[in-house]
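Letter by letter, the chains look like this.
Number of protein chains: 4
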Amino acid sequence: MNSYGKIFRITTFGESHGTAVGVIIDGCPAGLPIDINFIQAELDRRRPGQSKITTQRQEGDKVEVLSGIFEGKSQGTPITLAVWNEDQRSKDYSHIADKFRPSHADYTYQMKYGTRDYRGGGRSSARETLARVAAGAVAKQFLATLGVKITAYVSQVGHLQLENDYTKYNFEEIENNIVRCPEPSMAEQMIALIDETRKSRDTIGGVVTCVIQGTPVGLGEPAFDKLHAELGKAMLSINAVKGFEYGSGFEGVKMYGSQHNDLFYTSEDGSIRTKTNHSGGIQGGISNGEDIYFRVAFKPVATIMQDQQSVNEAGESVIVSGKGRHDPCVVPRAVPIVEAMAALVIADFYLRNKTTQK
Amino acid sequence: MNSYGKIFRITTFGESHGTAVGVIIDGCPAGLPIDINFIQAELDRRRPGQSKITTQRQEGDKVEVLSGIFEGKSQGTPITLAVWNEDQRSKDYSHIADKFRPSHADYTYQMKYGTRDYRGGGRSSARETLARVAAGAVAKQFLATLGVKITAYVSQVGHLQLENDYTKYNFEEIENNIVRCPEPSMAEQMIALIDETRKSRDTIGGVVTCVIQGTPVGLGEPAFDKLHAELGKAMLSINAVKGFEYGSGFEGVKMYGSQHNDLFYTSEDGSIRTKTNHSGGIQGGISNGEDIYFRVAFKPVATIMQDQQSVNEAGESVIVSGKGRHDPCVVPRAVPIVEAMAALVIADFYLRNKTTQK
Amino acid sequence: MNSYGKIFRITTFGESHGTAVGVIIDGCPAGLPIDINFIQAELDRRRPGQSKITTQRQEGDKVEVLSGIFEGKSQGTPITLAVWNEDQRSKDYSHIADKFRPSHADYTYQMKYGTRDYRGGGRSSARETLARVAAGAVAKQFLATLGVKITAYVSQVGHLQLENDYTKYNFEEIENNIVRCPEPSMAEQMIALIDETRKSRDTIGGVVTCVIQGTPVGLGEPAFDKLHAELGKAMLSINAVKGFEYGSGFEGVKMYGSQHNDLFYTSEDGSIRTKTNHSGGIQGGISNGEDIYFRVAFKPVATIMQDQQSVNEAGESVIVSGKGRHDPCVVPRAVPIVEAMAALVIADFYLRNKTTQK
Amino acid sequence: MNSYGKIFRITTFGESHGTAVGVIIDGCPAGLPIDINFIQAELDRRRPGQSKITTQRQEGDKVEVLSGIFEGKSQGTPITLAVWNEDQRSKDYSHIADKFRPSHADYTYQMKYGTRDYRGGGRSSARETLARVAAGAVAKQFLATLGVKITAYVSQVGHLQLENDYTKYNFEEIENNIVRCPEPSMAEQMIALIDETRKSRDTIGGVVTCVIQGTPVGLGEPAFDKLHAELGKAMLSINAVKGFEYGSGFEGVKMYGSQHNDLFYTSEDGSIRTKTNHSGGIQGGISNGEDIYFRVAFKPVATIMQDQQSVNEAGESVIVSGKGRHDPCVVPRAVPIVEAMAALVIADFYLRNKTTQK
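Protein chains in written order, with the UniProt record's numbering: chain A, 1 to 358; chain B, 1 to 358; chain C, 1 to 358; chain D, 1 to 358.
For the record, the hints were derived by calculation from the structure and aren't laboratory data. Predicted model only: the values in this text are computed from it and were never measured. Glycine is no exception: its CB is placed at the ideal position from the N, C-alpha and C atoms.
With a straight-line cut-off of 27 Å between C-alpha atoms, the simulated BS3-like cross-links for lysine-lysine are: (1) K6/C to K354/D; (2) K73/C to K354/B; (3) K254/D to K168/C; (4) K62/A to K62/C; (5) K354/D to K73/D; (6) K323/A to K254/B; (7) K62/B to K73/B; (8) K6/B to K6/A; (9) K254/C to K199/D; (10) K73/C to K358/B; (11) K199/A to K254/B; (12) K323/A to K275/B; (13) K199/C to K254/D; (14) K275/C to K254/C; (15) K73/C to K6/C; (16) K62/A to K52/A; (17) K52/B to K199/B; (18) K73/D to K149/D; (19) K354/B to K149/C; (20) K354/A to K6/C.
Listed next, the stretches of chain A that the computed footprint assigns to chain D, with coverage defined by at least 3 CB atoms under 8 Å from CB atoms of chain D: (21) 24-34; (22) 344-355.
Modelling step: build the complete structure from the supplied sequences, incorporating the hints.
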């Protein structure tokens, strides 16, 4: 289904070239002041055409409120946000209508549904993620009242990789460069690599790291809805994601238990803390109050400006030619999407956790 | 909640030292012949005490059917499977009752619920996974009638790592050694490493690789319930898991789009296939008929046979001493758990997919 | 939550005087031809101002498609339908802003949420039901392809009551009169009673009877999601509904089992049928292929054109004066709403039933 | 599915003649003291063989706790309760194996699932309701800590009907007679009517009235999950129920709005109350703090001690003979079942309501 969350629950709608893309947020607590400008600002961070290393398509992506906000506050009723697609009928997509673009969802959608909106990928387009960013911007405003802060940044582009320890970086630097990397000299190298890739009509992958600070102890649930399991699902549900790891992640498997265990101690303010944080702020699936951090792997964008061999619906061999304006690397625009999904997960668990004790 | 799945839906129950651990399977199609011996055989693959590199605790873990199977077949009604805990009252746990074991769920459960069953980890114990294996064994029998085959194996222990290409290995070898690695010489090294780790009273991590073969095209859903997002959540919900990647995974981010894209062609039998499979059998969140494969990272087991610094509920500094018989490395016993969760995900999507076309 | 259905699932949004009222339909099977004109026609049956016995407010209620329909067909993706509210800012509601209208939801919303959109009842307004009618019109088109037909009519207004046996009436007559009663002479009396009630600045209740024909055997589920339990929930969720009964209903309690039991026989076409239908087409919560029929009780509309004693948010005694144009009796306009909810229930169970056998 | 509730969620399992019948309660808040004897006492109120007007089958129905309760308190983990079926293999059911009993679920289950456990109705047996009573007994203990009290009683048997105004009766009298009617002289008549019906080898229907006192304002949700819609679904999901009405119900349709509206006033203790309660304690789907009351119609039991015409699976005409010991009227034993379902609905909404405000 096109919904996510149990209490703070979103349902997204819209195709790349349909009338509108949007979201219903159901279960947002009543009485929350909502700043529409902040929602727009978050959408602008995701917007195409924002810099030379993103797609040059220009889309305004202006958000409109259809329901749920009255006198500047949430009412406990469904909040509907929508962005109208511009010029959605202007272009001719007939050349691609029956071809399956490599590593896109054309083939699988056609087989699953027996039909598909072939214009710009239809529902499978990453344009759907603007609905997530809009909803995430509401979740962020809710979390801000609780002191929770979510920060994502680009930690890898191709082979260019920051060290894994996020505490080494100044988060203030992230929005100071167009690739959204907190280390300025690495940012320059990444930008150069993406630009070079774009010029060679190719694309490249990357990694987004995300840090969640200020969460209370107790978010997440035993068994299946562990906090990191939901974070993983939320991240893997973003277009082009191939992997998720939190805390010590894949590297942690090389460690011994005696190295990996995070020892508890009582801090000066009386709170119980851990000396290290290989757990990534989550133990037994439940937040322990330390920083939550994780990494999300994005594959190289499937649309490349080159001719590729493929087949059409009849199974005949065809050439798919790259056209239009596309991202050479998805991670700079993925940063606000990762943050949005993290905010949605945390907001939902915060509300769920209200019901666990008598 | 303690449930997983939308149509083929399981709910697990039970604590490590309570009366029983078990599962209700709701939504299993009616008319499926169910072999209880196969369920038992799967439980035996997960059972403690099965080899020198697993915990030496001896538990019979005999499965009992409480409902839903009549004349050897599923009835469309809830199937309840239970395993009785043995000697659950025999041991004294008072020494650990108010202490928080490092990197366990003791602290987070206590904070979330204000109470906890401290005996052997209670609900947070990996003993819960036997309920998953039992349910997965039913899902596997359902999938077998559809030609779907799920195979997991140990691909890494500590720094000892198989190559990522699963097609190089003979799956018949997996159950021929106690570490469940398909490469016999690597298996020997892994066993030696685990044994050595055990002797030094420590633990070590590992990776389980899983391959799903024979799935139809069309499993998985757009937006949030992408096939790999659900697989990711299911895997991350297993105790001790720290990461998930499918297809090209984290390594794939280093590739260019022109290398990474899987080109379509029409095979001799007329079916549409891809020349490579960096997509891991999933495109746009939906299965494309190629093999699905993914890797799951397990951290070193938190219980070590050493004294560790910690705190108790009052926040006082205490020593937690390792006692009892525990696994030095979890991955050999995790293999059937990974398979079970994969089976549950695939079975659920298979049923969901029945409703997508008119 | 503002969602209904498990597979064919709708989420409605919008307040009486907000920007728009609408619905996302998630899970509609792909490939269904959708006639927008039919959706509009159904909305017109619910529209205010359609006759002298409904409210005289004039609202166009033109439906717009925001997503999910491409080249005239459903795509398996979320279908979003919206109706824009007209002149929603034109009126002054400050006189009612802090008063609790008797037998409305003003008080309960204020207490539950600590805030509310007081304009025309906000989210609690029956205007929400237009979203249900729009979604139901899609469900009806789906069901039409399966041969299922849903017919509702007014069977009681105040003390004026048709006999309970729906087979006595000619459904063709229903839309021939403004009260939607299949018996013309009774229709005249009902119209006169409503008109008289309106003139005395009062309101009156009524009953809608609904008949579902052509359902396959097997819809509905054991235990909690029995077909009639879901029908009951769906009907009771409509504004102003106070009761639901199906088959023999409340009168059936007076019968003996030997009278009430529906005896099976094999019909000439070889199908198994029942001689009577006190079961209302449902046995053990599952459709048996006979006609499904039920009755839905609607209370008199709470808004009356009279002064009423009440209190305000401060608990002070105030007078609430009836203003504006309101329905003297809700049942004529409720007929399409009852049909819509019935269609949504049946469509959902039809899809769910696809998963019950191997 | 076999689950009910969103936060306080139960899943029942078991067939009439399988190994066990039971329930998992997921989402019960942690730290609740749970009295097993109270659960048993509630089961004893539902137990067969308790009086001369119920079935004479003797079943102990002893409840056993399989998980979730530790040191006498709920742990926030799944609570599993089970009752073992006695002598489930002792009887020969082959004479009924392929026959469809009139107005039972035999035919619909067979058609839906292609198979069924024909022993005593299998899953469709009212024996499933013991799982509800067990779970409801936990919900009642939770609600007792909040001051909520739920009382049901028999208000009608056949044509013998109490007045609708529950305030006229002394609830203390309910358990003083075997029919559970609060009016002693009516109780005698009802008992006589049931006894007479039993002697004539027939069955008869009845009505259970339920009153919920002490609920806070704010339970229930807008749109689909209105409090009375969920109560309606919960009641209609009980075996043999044919109708549900709350507050003024079906009779209320005859009233004028000016009579039916419940006027607000401020009581001496400063709380806002209504002068009348035609709303049945629910306005706009949300509790307003007044007593909640509703009526539930039960049809005559389908099993009668007479020969009835029917068909078998092959469609051949057969005679079904009444055998065994069955209830001549279901309502005396339905009283605790109605209370249990009401408790489950209220407990769930109480927890859901915790999340509606910031």
